[in-house]
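K.L.:
One line per chain: the protein sequences are D, X and S, in this order. Here the first sequence stands for residues 1 to 355, where the numbers follow our numbering. Here the second sequence stands for residues 1001 to 1141, where the numbers follow our numbering. Here the third sequence stands for residues 2001 to 2286, where the numbers follow our numbering.
One or more of the hints may lead you astray.
[To be verified] Pair ranges (Cβ atoms, derived): (1) A77/D / D2187/S: 35 to 41 Å; (2) N2099/S / N214/D: 38 to 44 Å; (3) K2246/S / G123/D: 25 to 31 Å.
[To be verified] Within a straight-line C-alpha distance of at most 30 Å, the following computed DSSO-like cross-link-like pairs (lysine-lysine) qualify: (4) K2083/S / K1086/X; (5) K314/D / K1066/X; (6) K1066/X / K1086/X.
Simulated from the structure, these hints should not be mistaken for laboratory data. Ideal Cβ positions, reconstructed from N, Cα and C, are used throughout, including at glycine.
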Amino acid sequence: MKNLIRSLAGGVVAASLAGAAVAADIPRTPDGRPDFSGTYNVATLTPLQRPEMFGDNLVLAPEEAARIAEEERKALAEDLERDDPNREAPPKGGDGSTGAAGNVGGYNAFWIERGDGAFQINGEFRTSIITDPPNGRFPTMTPTAMKDMMERRRFYRENTGEAWWLESHEVGPYDDPELRPLGERCLLGFGSTAGPPMLPVLYNNTKRIVQNANTVVILVEMNHDARVVRMNAEHAPADQRFWLGDSIGSWDGDTLVIDTTNFRDQTAMYNATRDLHVVERFRYGEDGQVIYSFTVEDPNVWSEPWTGEYPWPKTDDRMFEYACHEGNYALGGILRGARILEQETMDAKPEAGSE
Amino acid sequence: MKTTVAATLAAGAIALAPIAALAHHAFGAEFDPNRPLLLRGPVTKVEWVNPHTWIHIEVEKDDGTKEAWMVEGGTPNTLLRNGLTKRSLAPGTLIVVDGYQSKDRSNRANGRNVTLDNGEKIFMGSSGTGAPKDGADPRER
Amino acid sequence: MGLGLRSLIAGAALSGAVFALAAPALAADYVAPRGPGGKHPDLNGVWQALNAANYDIERHLARHSMQLREGPHGPLPAVDLLKLGAVGAVPPGLGVVENGPLPYTPEGLARKRENAANWLERDPEVKCYLPGVPRATYLPQPFQILQSHDAVMIMYQYANAVREIYMEDVGEAPVDSWMGQSVGRWDGDTLVVEVTGQNDQTWFDRAGNHHSDQLKVTERYTPMSPDHLLYEATIEDPQTFTRPWKMSMPLYRRMEPDARLLDFRCVEFVEELMYGEWRRVPLERP
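Same shape as in the complex, but just chain D (with noise of 0.2 Å):
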């Protein structure tokens, strides 16, 4: 089969190179491979990982995708709902608001762009993005990994405006700009947003690539990063090291794979490691969208590998620039705020808010 394609000069259409189970007109670049160019906004409500009553089940019933999408669509639609003008400030000590909205509330739904409904491959609708371990969730994680990710959960904590890290004379979330989230600081985007494995996220989903024989550039919006793939090339030497990891490409039939190795000891991917391993693969399915899927392993983190996909749908909108360290007023504010709240608190108590 790859004798052929390579047989073959630019410029002739590959009907008899199909092969398994692709359509027919797969677009294709002129030498013959298949052509991933192509803007894409792969935001969607399917979860990364699988809520657990759905078990081993990979696929959605139709009426339960139809109450995530009207569900979606009526929290987006009272959003933008009408607001009384003579409105009161919200309630003190926080609006209730959980999770990353941390106790002071959110966007408003016109800032947020994450999707209308859950993703659908070849007609069907999936549970979660993850696909293998059968249950549709993250495989157990080594002892070692398990206790690393505890010690970072004890940095998260209810937004209550007070400086709570004194309590424990330890390390606080807020004492360096370097233990602050790689989105925050604006090296790389807000979730595992270009990896890889590149995940849809809140808000900057659309993705770019452009493609010549020798190199496959993707280009993810958060935060302007350029994945640029060596086809049929080696990994760097091991003391090189990347914030995206050092990707290279090749084609097994109509499929590009990419393989990711040498990340820098800090990952998008959350909870990953330098050792961080990623193979994906972008194919046409046989409903024509592009189907980007991908295996992660880490023997550091995760006992053993797991595998996702989901599709990357064209769209006609246009990726904007993402220059965030250059309107990045949140960070001196998130540090500055910090330290008055420390200097409240040892104002107010100082035995209790020494170091």
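Since the structure of chain D is provided, determine the placement of chains X and S on it from the hints.
P.N.:
For chains X and S alone, coordinates are given in the frame of chain D:
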């Protein structure tokens, strides 16, 4: 009391991918839940920057003096895809913001909920008619 | 005729000859191999400028420092830069501006001088901010052009800056950005790129040369040889300059067999500078 969409979604997300959601955005680290505010005044400038748009407004205090405040929003890129431009939200437009003050006590607040002075959400679609989906949203199917 | 005069004439003749070559000599009969798609020249590769333009785009002699103060016998490095010694000196440059000096308006020139006098505080390069166009081209770090049969993208090692070159009309840029909005087309074997929608925050170099948000840059990338491109950029900014002006320079292919972009996400290198005073336990600061 209405929670914003992100809070609702984040609550859902928390159950499924806790660390990812926690890594998500800076509001929890930056703003003080014990300092709620309501700001009302004309827009003076919009900084269409990432990671967060900043909307500058002039707030008149009870004693008549004016203060400059900055309100933190989300990424402008979502808005640009909905057809907004640097001319949207012109200076002088009256807005109302309910949110919380920055922990560093500066004149900054999170744009938890930003509306026009008639209560309509700002940045509603490219034509700004105020309807949640006015056909300008390319994601509508 | 004395020895001095003879050598002066010889020198003049030599510099005359050099001057004729300084208008970059296009190997006019060079035809580059075709790129993907077979129609246009192949601009793919890792490229880098090799000049002192990032220090100062105008022709200049070597200087003590990027920021100067008056000394008893002429300028000296500013206090904050003193310990860099010769490493902090500015190397000389033939200049990349054609028909210089830069045609500033009076206000533009005054601001340039202020910028130079306050370089350390004001140059966006110090804070690792995105460099804008054309500065991104001639920063002393490589960049990579990726050209497919229907698209062009340029990735810069510095601050992982990146530009998509739209090969079709996409209308006015909705907002200003640091790298602007680039729209490209082919003019024979030259890739012509128009860059609009840049904000006014970037500079042309470390000498304080600046622009407004009215800036429009028209770039031309033309293959000169298998391993050289000719880069030209016409600058239009009626708010800052009294007329359009142009810069040009060769771009050199990085010839190493393993040539590639490495990471220079300088954000992490400026965190101490920008945020260090707000550490829980601040370190010593100047």
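K.L.:
Could you check the structure against the hints above and give me the numbers of any it violates, in ascending order?
P.N.:
Hint check: 1, 3, 4, 5 fail, others pass.
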